[in-house]
Amino acid sequence: MFAKAFRVKSNTAIKGSDRRKLRADVTAAFPTLGTDQVSELVPGKEELNIVKLYAHRGDAVIVYVSGGNPILFELEKNLYPTVYTLWSYPDLLPTFTTWPLVLEKLVGGADLMLPGLVVPPAGLPQVQKGDLCAITLVGNRAPVAIGVAAMSTSEMLTSGLKGRGFSVLHTYQDHLWRSGDKSSPPSVAPLALDPLDLSEEKGSSHADPILQGDMRHLALEGVEEENGEVQQMHGKKTPSEASEDTSVGGLNSDPTDSKTLQEQMDELLQRCFLHALKCRVKKADLPLLTSTFLGSHMFSCCPEGRQLDVKKSSYKKLSKFLQQMQQEQIIQVKELSKGVESIVAVDWKHPRITSFVIPEPVQEGSREQPYHPPDIKPLYCVPASMTLLFQESGHKKGSVLEGGEVRTIIINYAKKNDLVDAHNKNLVKLDPILCDCILEKSEQHTDMKLPWDSLLTRCLEKLQPAYQVTFPGQEPIVKKGKICPIDITLAQRASNKKVTVVRNLEAYGLDPWTVAAILQQRCQASTTVTPAPGAKDSLQVQIQGNQVHHLGRLLLEEYHLPRKHIQGLEKAPKPGKKK
Numbered sequence: 001m002f003a004k005a006f007r008v009k010s011n012t013a014i015k016g017s018d019r020r021k022l023r024a025d026v027t028a029a030f031p032t033l034g035t036d037q038v039s040e041l042v043p044g045k046e047e048l049n050i051v052k053l054y055a056h057r058g059d060a061v062i063v064y065v066s067g068g069n070p071i072l073f074e075l076e077k078n079l080y081p082t083v084y085t086l087w088s089y090p091d092l093l094p095t096f097t098t099w100p101l102v103l104e105k106l107v108g109g110a111d112l113m114l115p116g117l118v119v120p121p122a123g124l125p126q127v128q129k130g131d132l133c134a135i136t137l138v139g140n141r142a143p144v145a146i147g148v149a150a151m152s153t154s155e156m157l158t159s160g161l162k163g164r165g166f167s168v169l170h171t172y173q174d175h176l177w178r179s180g181d182k183s184s185p186p187s188v189a190p191l192a193l194d195p196l197d198l199s200e201e202k203g204s205s206h207a208d209p210i211l212q213g214d215m216r217h218l219a220l221e222g223v224e225e226e227n228g229e230v231q232q233m234h235g236k237k238t239p240s241e242a243s244e245d246t247s248v249g250g251l252n253s254d255p256t257d258s259k260t261l262q263e264q265m266d267e268l269l270q271r272c273f274l275h276a277l278k279c280r281v282k283k284a285d286l287p288l289l290t291s292t293f294l295g296s297h298m299f300s301c302c303p304e305g306r307q308l309d310v311k312k313s314s315y316k317k318l319s320k321f322l323q324q325m326q327q328e329q330i331i332q333v334k335e336l337s338k339g340v341e342s343i344v345a346v347d348w349k350h351p352r353i354t355s356f357v358i359p360e361p362v363q364e365g366s367r368e369q370p371y372h373p374p375d376i377k378p379l380y381c382v383p384a385s386m387t388l389l390f391q392e393s394g395h396k397k398g399s400v401l402e403g404g405e406v407r408t409i410i411i412n413y414a415k416k417n418d419l420v421d422a423h424n425k426n427l428v429k430l431d432p433i434l435c436d437c438i439l440e441k442s443e444q445h446t447d448m449k450l451p452w453d454s455l456l457t458r459c460l461e462k463l464q465p466a467y468q469v470t471f472p473g474q475e476p477i478v479k480k481g482k483i484c485p486i487d488i489t490l491a492q493r494a495s496n497k498k499v500t501v502v503r504n505l506e507a508y509g510l511d512p513w514t515v516a517a518i519l520q521q522r523c524q525a526s527t528t529v530t531p532a533p534g535a536k537d538s539l540q541v542q543i544q545g546n547q548v549h550h551l552g553r554l555l556l557e558e559y560h561l562p563r564k565h566i567q568g569l570e571k572a573p574k575p576g577k578k579k
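The sequence shown runs contiguously to residue 579 in the UniProt record's numbering.
Source of the hints: derived by calculation from the structure; they are not laboratory data. Using N, Cα and C, we set each Cβ at its ideal position, and we do this for glycine too. Where hints are given, some of them may not hold.
[To be verified] For each label pair, taking beta carbons as the anchor points, the in silico distance ranges come out as:
id, residue 1, residue 2, range
1, G58, I376, 55 to 65 Å
2, S399, W348, 32 to 42 Å
3, R178, Q492, 46 to 56 Å
4, P31, E558, 38 to 48 Å
5, V478, A24, 50 to 60 Å
6, A13, T530, 10 to 20 Å
7, K162, T27, 50 to 60 Å
8, K129, G58, 18 to 28 Å
9, I376, K316, 43 to 53 Å
10, R178, D36, 21 to 31 Å
11, G58, E402, 38 to 48 Å
12, S39, A491, 32 to 42 Å
13, I518, E392, 45 to 55 Å
14, A345, A24, 33 to 43 Å
[What the hints assert, rightly or not] Cut-off 25 Å, straight-line C-alpha distance, at most; resulting in silico cross-link-like pairs (DSS-like, lysine-lysine):
id, residue 1, residue 2
15, K564, K480
16, K497, K574
17, K397, K425
Kindly produce the complete structure, drawing on both the sequences and the hints.
Shown next as structure tokens:
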């Protein structure tokens with residue numbers, strides 16, 4: 001369902017009544033969860049957002065986001081957990097196991113066929129047709145996908161494990177997973193040894209490697225993609241296998257490390273905390289909601305291949321960890337509104353912050369590359385009225401030229417046709433072709449000479465505008481007309497509330513949904529992405545309130561876009577004025 005990019009309709013903070021209803025729905029959908037676990041999954045005070053989106057096939061989906069990660073999604077009034085949730089509750093659903101080689105196919109949109117299943121010594125879980133199930137890989141009980149059973153367990157066995165087994169809805173590494181912190185699956189020990197482990201455990205000489213290879217090949221044959229094709233994958237390491245090589249549960253997998261997993265998580269928590277304060281949080285950001293600090297700043301400081309999970313630390317809750325940091329006088333936390341805590345002060349001169357060494361940035365990895373603004377170059381297109389002037393240089397109607405090329409062509413034309421004034425080298429005589437190309441009708445009956453600057457300026461003005469956009473690592477794109485600036489406006493809604501509207505982000509390689517998500521976090525205001533009126537295939541982002549200041553900081557300071565390509569920055573609220 002999420003194998004391809006989806007379209008976000010809205011992203012809003014959840015209301016108290018909707019939060020209570022969601023808890024009730026979770027309890028009903030997953031009765032194995034205890035009251036405390038439901039409270040952990042759907043927190044009472046921490047930030048929780050409702051994202052309404054359309055999947056690439058047009059399905060309307062509601063996604064619930066907590067701490068920056070999607071935790072649940074709702075489709076046709078049915079509630080489903082994401083892999084992020086299943087990693088915390090791996091026993092929430094009946095679990096079926098397949099081979100690591102199959103994961104890449106599932107991520108690409110394939111369903112899981114029964115020949116791809118690995119049957120454990122205890123047999124397959126008992127499920128009925130239509131039951132929601134989790135899919136894991138051999139050697140790790142952390143789910144990498146969820147799907148709906150296409151038949152009951154008894155029917156699977158009767159069929160000889162042939163045919164379609166599960167309709168896959170969501171996987172690790174799909175676009176829903178990418179909307180979170182992109183962490184890797186933790187390592188959860190299997191309840192029982194898998195068939196390969198059994199053969200190795202017993203030291204059996206009959207553990208035939210050829211048979212094992214055949215089993216993996218059979219698993220690949222058991223995967224059916226949407227286009228009905230299965231490609232060869234021999235010798236390729238899947239993304240999940242690559243991540244398993246470097247991390248276990250988002251922590252250090254080095255067997256020589258004597259620290260417990262909880263101690264390692266405590267260290268990771270403090271590392272991300274100090275990194276965020278030293279590099280990401282500024283004085284102007286205060287007061288800062290603690291949930292925003294975690295979701296927007298600490299998660300982004302987590303090293304590649306590691307997974308930050310407060311629940312797996314000794315603190316269990318973010319509030320307890322921040323209380324400890326407050327006792328060490330690094331920060332000051334206050335409850336500015338009922339039940340909602342904010343960081344109101346930071347001691348940036350504290351020894352723990354000043355002595356913290358920022359880790360070297362990872363050059364390669366699964367995280368998205370930072371945004372770099374495109375190189376935008378003005379160009380000129382030859383119109384029909386000026387073809388005679390440019391045809392001598394080999395150009396025709398529609399030819400696209402840079403400003404320097406136009407100047408060279410005009411200078412060469414004037415010199416070749418002996419148009420440079422003999423008495424004043426700064427003047428150019430206009431022959432009939434130049435007259436037709438650059439003079440107005442009222443000027444054409446006079447014997448005219450123009451200075452070089454005036455001649456070149458007029459020529460450029462008569463050419464049709466065009467531009468070239470080059471994004472880092474991509475081929476240049478040439479378009480006719482002038483590039484539209486990013487347009488920021490303020491609008492008044494029926495409720496008499498102001499909203500900030502920003503358009504034309506796509507022209508500069510910016511994803512409107514990404515920008516909306518960032519602004520929603522930073523402004524603590526609801527955002528929506530809607531089609532831009534009067535513009536084909538273009539979207540606009542709306543943010544509640546006057547958020548021009550936040551938008552300007554994002555575009556100018558973080559995205560490094562030139563100010564000349566942004567209009568409307570002057571609409572930012574003056575200091576002391578209400579938004």
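Structure-based check of each hint:
1. Between G58 and I376 the Cβ separation comes to about 35 Å, which falls outside the hinted range of 55 to 65 Å.
2. S399 and W348 have their C-beta atoms about 57 Å apart, which leaves the hinted 32 to 42 Å range violated.
3. A hinted range of 46 to 56 Å is violated for the C-beta pair R178 and Q492, which are about 36 Å apart.
4. Between P31 and E558 the CB atoms are about 45 Å apart, so this pair conforms to the stated range of 38 to 48 Å.
5. Between V478 and A24 the Cβ separation comes to about 56 Å, which falls inside the hinted range of 50 to 60 Å.
6. At about 18 Å, the CB distance of A13 to T530 agrees with the hint of 10 to 20 Å.
7. In this structure the hint that K162 and T27 lie 50 to 60 Å apart at CB is violated, the actual value being about 38 Å.
8. Between K129 and G58 the C-beta distance comes to about 25 Å, which sits within the given range of 18 to 28 Å.
9. Distance hint for I376 and K316: a CB-CB separation of about 50 Å, consistent with the stated range 43 to 53 Å.
10. Between R178 and D36, the C-beta spacing of about 30 Å keeps the proposed range 21 to 31 Å intact.
11. The given range of 38 to 48 Å is respected by G58 and E402, whose C-beta atoms sit roughly 44 Å from each other.
12. Hint check: S39 to A491, Cβ distance near 39 Å, so the stated range 32 to 42 Å holds.
13. Remark: the range hint 45 to 55 Å for I518 to E392 is upheld by a beta-carbon distance near 52 Å.
14. Taking 33 to 43 Å as the suggested C-beta distance range, the pair A345 and A24 conforms, at roughly 39 Å.
15. Between K564 and K480 the CA atoms are separated by roughly 19 Å; this keeps the pair inside 25 Å, and the hint holds.
16. In summary, the hint linking K497 to K574 is supported, as the alpha carbons are separated by about 18 Å, within the 25 Å threshold.
17. The straight-line distance between the Cα atoms of K397 and K425 is roughly 31 Å, outside the 25 Å bound, and the hint therefore fails.
Violated hints for the displayed structure, listed by number in ascending order: 1, 2, 3, 7 and 17.
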